[in-house]
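Participant: Chain by chain, the residues:
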Amino acid sequence: MDHFPLLTAIMLAPIIGALFLSFLPREADKIIKMVSALTMMVALGLVIYAYEMYDFNLGGMQFVESRAWIQDLGVSFILGVDGISLPMLLLTVLIGFSTVFASWNITKRSKEFFILLLILLAGVTGTFITQDLFIFLLFYEMVVIPIYIMVLIWGSSKRVSKEYSGMKLTIYLLLGSAFMLVGIIDLYLNAYPSGMRTFSMTALAQANQLGNLSEGFQIFTFFLLMIGFGSLLSMWPLHSWSPDGYAGAPTAVSMIHAGVLKKIGGYGLIRIGLLILPLGAKFWAPWIALLAVCNVLYAGFIALVQKDLKYVIGYSSVSHMGYVLIGFAALNGTGMNGAIGNMFAHGIMSALFFAMIGYVYEKTHTRYIPDLGGLAHQMPRVATGFMLAGMASLGLPGLIGFIPEFTIFVGAFREYPVYALLAISGIIFTALYILRVLANVLFGPRRTEFDGCADARGVELVPLIVLGSVLVVFGVFPQMLMGMVNSGVEPMVPFLTKLHAAPALLGGLFR
Amino acid sequence: MNITLLTSEIAIICLSLLIIILDLLLPRFETRRSLGYLAAAGVAGVFAYTCTQYGVSATVYQGLFTLDSFALFFKQIFLLAILLTLLFSFDYVEGLAKYQGEFYALLLLAVAGMMIMASANDLLTVFIGTELMTVTFYILVGYQFNSSKSSEAGMKYMILGSVSSAVLLYGVSWVYGCTGSIVFEQIAKHANTSLGMLFGFGLIVAGLFFKMALIPFHMWAPEIYEGAPTPITAMLSMGSKVAGLAVLLRMVFIAFVPMQAYWGGIVSIIAAITMIGGTVIAMWQTNIKRMMAYSSITQAGYMIVGLLSADASGIKSVLFYAMLYMFANVGVFATIIAVKKHHGSNEIKDFSGLAQQSPLLAVVMTVSLLSMAGIPPMAGFAGKLYVFSTVIEKGYLWLGLLGFVMSMISVYYYLNVTKVIYMNEPCVQKEFIVSQPLRIAALISLLATLWIGIYPGPLAELANTAARSLSIL
Amino acid sequence: MISLVHYLTVAAILFIIGVYGVLTKRNIVTILMSIELMLNAVNINLVAFSRFIQPEVLTGQVFSIFTITVAASEVAVGLALLFRVYHDYDTVHIDKLNRMRW
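As they're listed, the protein sequences go chains A, B and C. No gaps in the numbering here: position 227 of the first sequence is 226 in numbering that gives the first Met the number 0, and each next residue is one more. No gaps in the numbering here: position 255 of the second sequence is 254 in numbering that gives the first Met the number 0, and each next residue is one more. No gaps in the numbering here: position 31 of the third sequence is 30 in numbering that gives the first Met the number 0, and each next residue is one more.
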């Protein structure tokens with residue numbers, strides 16, 4: 000390897016940071032936070048560099064690194080990014096960078112907190128850059144346990160106890176991953192005959208073209224994967240961990256979970272589900288579309304009546320994942336573009352939302368909407384963040400949410416006009432609950448009981464500035480995001496067209 | 000006759016006798032810690048010696064005793080287990096009321112029994128090895144002279160253990176009657192599927208399943224684990240189980256090849272019951288040693304899953320799993336001993352605030368438990384992947400699914416311990432003392448678990464060599 | 000003429016009596032005796048098989064000597080443990096050994 004192992008460096012940065020932290024004394028609170036921030040700054044810098052250096056026109060996997068890892072299983076440590084994973088990677092480090100600052104006020108056992116946070120971030124980063132299923136699994140489940148411990152120690156027991164929400168979150172995701180594991184092992188065993196087995200995603204994707212995977216097999220295995228990734232992506236009816244989990248979790252975990260972790264579900268569906276098991280994806284796509292509509296409408300409706308801020312945003316994120324799913328289910332280039340774009344957009348805005356909720360809660364000690372009001376008077380900066388995230392969430396043109404959502408609808412309308420219309424009507428719900436929250440929490444008469452609450456200041460502003468500016472910049476110049484995404488989706492388009500033409504077992508049932 | 004093949008066993012037994020003699024010579028009020036260090040050093044020497052023996056494949060005493068990479072792999076598991084157990088139990092042994100010196104000697108004898116089991120190539124040697132191990136364990140389980148629980152556990156283990164030995168022997172007598180031989184290769188030559196043979200085979204397997212504590216032969220495990228001194232609990236769950244597994248593997252794949260037609264159905268059902276039962280019952284336990292008993296039952300269930308695919312890859316997966324299981328157990332029991340020393344009891348709630356008192360042990364405990372649950376990047380994940388991918392390949396998809404779902408459910412009770420460790424505040428405010436040897440043992444287990452989990456290649460290769468040396472496949 | 004089957008039958012009966020004793024008797028000494036019965040059933044089996052199947056090879060008889068030896072050591076340990084139990088519980092009744100819940 001002659002060039003600098005950029006992706007390894009990105010992945011190792013948080014791990015090295017965490018190792019370094021573990022040797023610092025417990026009392027060195029400031030230094031611990033500085034080191035974490037520095038670590039994430041390095042990672043962010045490297046990712047931005049990668050994002051800039053990525054050659055749009057060339058497309059495909061770039062910055063590829065490959066090392067043999069486990070010979071007898073056919074595992075090799077392959078890293079590489081393309082137009083699909085690079086936005087996800089950027090999202091991860093952007094949010095990771097912000098979480099460090101959003102957690103600046105944590106003083107209780109801060110050393111453990113930041114070590115866990117960095118391990119968590121390393122896990123997510125690894126998930127998006129690896130091109131090998133075994134390593135993917137390794138990273139994917141690496142994130143679950145730190146989250147559990149973080150919820151336990153730094154979580155809040157406002158509506159449900161943190162023990163309950165942490166355990167629910169963990170067990171739900173692990174059970175889902177059990178199905179996914181079996182699916183992946185099944186795939187691994189059937190793709191190639193004994194002796195030339197491999198976990199490499201590229202090689203597995205070729206197995207289908209070679210005709211090694213029968214349609215029945217693909218349908219079955221895709222179903223297993225769908226349960227796994229679906230529960231991670233909070234696909235209805237596997238979503239119920241999500242609002243409870245966010246409610247119990249500390250701000251940083253909510254941000255990472257809603258912002259990035261859920262996206263692993265969508266990313267996995269595309270990267271593993273669609274590219275390796277296209278016929279399975281085609282069979283299940285109508286069902287996914289149906290569930291996606293349930294997601295959008297059901298969760299949107301529930302969000303309307305929630306009284307806890309975190310629950311509103313929790314359900315809102317479930318609802319938004321419905322858009323991603325329906326874009327995926329359309330199985331065409333446009334829908335796919337929108338789905339990936341929307342994953343990025345939603346990641347940024349939900350992270351911003353949770354950061355702002357964290358500040359509100361920190362300062363007013365309540366998340367109960369009827370107790371709040373008129374906060375724009377006392378905390379104009381937090382209110383700005385809230386407004387930005389809210390407006391992006393309901394898809395205001397000029398902010399990041401608009402273009403991806405619009406693209407999704409264009410793509411989905413071609414395949415499922417009825418579902419697409421239903422999903423579009425979900426925007427009404429979104430507008431309703433977002434505006435209701437904004438109006439009740441930020442506006443209205445000045446309430447004297449909050450006069451003592453200071454606005455966000457100093458380092459607390461970092462998440463607001465970073466995430467807020469991304470919302471605006473990528474909204475105003477959507478090409479920066481969509482161009483990248485498109486370069487990843489472009490190579491898939493002929494493949495998708497062919498897939499549409501292919502005869503299918505029951506695929507036409509829902510058209 | 001090449002007696003050098005027995006060197007490691009002879010060395011361990013001599014070491015044990017030496018310790019008994021030195022124990023007699025040492026002044027009465029002298030601490031026996033030096034004997035512990037001597038035992039550990041001796042075991043380490045033998046372990047280093049076994050490393051040089053890989054590649055040997057020979058038998059001695061007319062095929063009664065064989066030494067191949069398969070046996071060596073198991074011997075190394077036992078030696079590592081005893082070495083690490085010795086390291087973390089010095090403090091514990093000092094707390095014993097009397098006969099501290101013999102404790103080390105007896106432990107070494109038990110390990111000698113396990114090593115003989117790993118090399119046993121006929122039913123007589125199997126019997127001798129098993130008895131050497133279990134009779135020693137009867138004594139060791141009842142070794143805590145100030146605890147009535149311990150004597151109760153010893154008595155119960157003695158009764159149940161000798162019944163299971165008798166059952167095993169009765170089976171042996173039938174197999175001998177039907178084939179006219181007790182050497183594995185000869186049995187294989189004369190093996191038939193007559194009723195007497197099946198009967199004998201069934202009884203032998205039942206006896207070994209008892210040693211491995213598989214449901215429905217598990218009743219002894221929770222009480223004996225709870226009552227026994229903690230180092231013995233650790234050795235029971237690592238040694239007794241894995242030694243039973245070693246015998247079972249060699250016997251099934253060399254002697255009882257024609258029986259494999261009957262094998263798959265029964266083993267898959269027992270494995271399924273064991274995985275479900277162990278996991279479900281473990282959820283309700285409040286004593287950490289009882290919980291570990293059920294957890295180890297579940298782990299044995301995972302291990303025999305690998306037996307279903309009767310080929311080298313299946314055996315390899317079992318060997319791999321046995322090794323990582325040993326490391327995970329060391330981590331858990333080292334922590335249990337440290338906490339027991341601090342609090343004087345073994346309830347799960349005693350782990351409160353361990354994360355703040357001893358971050359290292361908290362991490363070791365968490366990592367070891369999660370390794371047993373099979374969460375990446377801990378070693379358990381790679382092990383489960385090996386085990387279940389071999390059986391899924393043989394068409395047991397349902398068993399694979401069940402195994403993974405159960406292991407994810409088992410996370411529930413493992414995480415309950417983690418929860419206590421991390422969330423709760425320490426309940427006793429006094430300094431938490433971790434002795435240096437215990438710290439080393441815990442650290443070794445932590446590093447090994449992570450290393451095997453992230454980079455399983457070398458161990459897998461070693462296990463593969465060992466599995467292939469079983470030369471029947 | 001006494002054939003192999005007779006020996007096997009006697010051994011089987013002994014073994015079953017032993018199992019029955021272990022399962023139903025509550026006195027630990029009786030249980031130890033029942034275990035001895037089971038082991039002796041094994042010895043009869045081994046010797047009978049050895050005599051009738053391969054009179055020229057003594058494998059089974061040698062095996063039975065090992066069994067006897069090991070059984071003796073087992074009982075020795077068992078009785079020692081019994082002393083301890085008696086010391087701790089003042090009884091040799093197995094049902095009274097219940098300080099740990101099942």
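Treat the hints as calculated values from the structure; they're not laboratory data. Remember, it's a predicted structure, so these values are computed and weren't measured experimentally. Treat the hints with care, as some may be off.
Derived CB-CB ranges, DEER-like [said to hold, decoys possible]:
1. B:Gln61 to A:Ala67: 25 to 33 Å
2. B:Ala40 to A:Ile15: 32 to 40 Å
3. B:Ile268 to A:Phe22: 44 to 52 Å
In the DSS-like style, the derived pairs of lysine-lysine whose C-alpha atoms are separated by at most 27 Å in a straight line are [unchecked claim]:
4. A:Lys167 to B:Lys348
5. B:Lys348 to A:Lys110
6. B:Lys148 to C:Lys95
7. A:Lys110 to B:Lys148
8. B:Lys97 to C:Lys24
9. A:Lys107 to B:Lys148
10. A:Lys107 to B:Lys429
Glycine included, each C-beta is placed from N, C-alpha and C at the ideal position.
Participant: Among all the numbered hints in the text so far, which are the ones the structure does not match?
Facilitator: Failing hints, ascending: 1, 7, 8 and 9.
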